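Q: So the sequences go chain by chain: A and H.
Using our numbering, read the first sequence as starting at 1 and increasing by one per residue.
Using our numbering, read the second sequence as starting at 411 and increasing by one per residue.
Treat the hints as calculated values from the structure; they're not laboratory data.
All of these numbers come straight from a predicted model, not from anything done at the bench.
Hints are not guaranteed to be accurate.
[As the list claims (entries may be wrong)] Chain H side only, calculated, beta carbon under 7 Å to chain A, not exhaustive:
| id | residue |
| --- | --- |
| 1 | I413 |
| 2 | I426 |
| 3 | F432 |
| 4 | I434 |
| 5 | L436 |
| 6 | A437 |
| 7 | I440 |
| 8 | A458 |
For each residue, glycine too, the CB sits at the ideal point set by N, CA and C.
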Amino acid sequence: MGIDVTELFVVITAIAVALIFDYTNGFHDSANAMAGPIATGALRPRTAVILAALLNLLGACLATEVAKTISGGFFDETLITVPIILAGLVGAIIWNLLTWLLGLPSSSSHALFGGLIGAVIVGAGLASVHGWVIVSKVLLPAIVAPLVAGIAAIMATRLAYRITRRTPSTHTNSGYKYGQAFTASLVALAHGTSDGQKTMGVITLVLIAANLQAPGTAPQWWVIIAAGVAIGLGTYSGGWRIMRTMGKGIVEIETPQGAASGAATSATILASAHFGFGLSTTHVSTGSILGSGVGREGAEVRWSVARRMLFAWLLTLPGAALVGGLAALLSDQGIFGVIALLTLLGTACLVIYFLSRRHRVSHANVTDSHEVLVLAAATPPTTYANDPRLDPLKPKKAKKAKKAKTKSAA
Amino acid sequence: MHIDWAALGTVAVVSIAMSVIFTILLASGIRLVSAAKIKSNQGGSSTATVSLGYVLLGLAGLLVLFGIYLIVPQFH
């Protein structure tokens, strides 16, 4: 046991932070499988997240081989140290929480790669990152995934409506809902096998880097269980803000659309896993929902929401890299740096959590609206405290007065 | 710079084909079963229609099972 206390502390911290990342991964991606069924009412919100959580846990435990590399080819694997992994995870967690606050689905894998890339750049310089890999593994898939899934969903939606055009909707609804529930379950199971595995890989690498585990060996049983439970709990907690954007924000989903987009999502995810062209679950399921909106006549697709999402996707890697890089400045400074980093991470989580409470989205109100508010409209205007029209005690009157004024101005 | 265009093409074609096949099976199954229900409510016999409907729904179910087979590594 040639390990000193400081190193052990950093290792334990890194494992704990990896499990927190796994939790955010779960609730960020809960919507990928379940936003559709919840929006159409195929599954009740609680039932849907419990089902997804169990399937994610099961999927994580099924995974036989763990991703041996977490660098994804973006940089030299030998550059990875425990402080770099820790900083990368912090970057990924904060990015995941920020996008969740805004209700934007973004890829958790990209956040993890981004965080690690930022940390590596701080540790070893810009030249150590392979720029072209970012094009082929981030930019291209981010365009391909929604295109392929979108086209599949457009065609499937058109067909579904055409085939059951004359069938009474009382007869079609239950059938389509079953179809949707089954395809969503496939997506949840596949997510558990791929993303649960990622955290196991990270923890195993930490243990290997600290000489607590022989290189090239399989993950310990407790790592598998812990990662499975963390992603399951995260999925169960629901990530309702993202659920609302995907289920309601992009387009109003009817049951045939839901079944079609579910089919497109699961087919694309399984095909991409099987034929080795990695696509993000998040990008695929967003693309399918978008496609099912384009495919149904008269559906109103909110392109502004889609555009915001695309920006979030493109910003995920650099954004997480920025946070990861800043975190690496601290995580490399020994035990006090790590403690400072943990304090900052805790504070950031709390701030984001309290901001999210201002306009809370939960299982109870997830399908009530299509907007995820953060600070906007509903906060009482405090800047003009002396303006009688904006008296917070008489909000109705104030509104009327404002309206009257705009009328007279016109 | 290496991009696996062949894998990309396969993924695109297979994804779209499987989505379309699954939807056709599901939607046709639903339509036939519904048509059979309406017919039998009007006093007609509809054994053939209803069985064909359930065969199609069963095939859609088989596709889901195939999906599980693809996901679970222990099966292959």
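Q: Look at each hint and say if it fits the structure.
A: Here is how each hint holds up against the structure:
1. Hint on I413(H) holds. Least Cβ distance to chain A is approximately 5 Å, under the 7 Å limit.
2. Checking I426(H) against chain A by beta carbon gives a least distance of about 4 Å; that is within 7 Å, so the hint holds.
3. Interface hint status for F432(H): upheld, as the beta-carbon distance to the closest one in chain A is roughly 4 Å, under 7 Å.
4. Because the closest C-beta pair between I434(H) and chain A is about 6 Å apart, less than 7 Å, the hint holds.
5. Evaluation of the L436(H) hint against chain A yields a held restraint, the C-beta minimum of about 5 Å falling below 7 Å.
6. Because the smallest distance between the Cβ of A437(H) and any Cβ of chain A comes to about 4 Å, under 7 Å, the interface hint for this residue holds.
7. With a least beta-carbon distance of about 4 Å to chain A, the hint placing I440(H) at the interface is held under the 7 Å criterion.
8. Taking 7 Å as the C-beta contact cut-off toward chain A, the hint placing A458(H) at the interface is violated, the least distance being around 18 Å.
Checked against the numbered hints above, the structure breaks only hint 8 and satisfies the rest.
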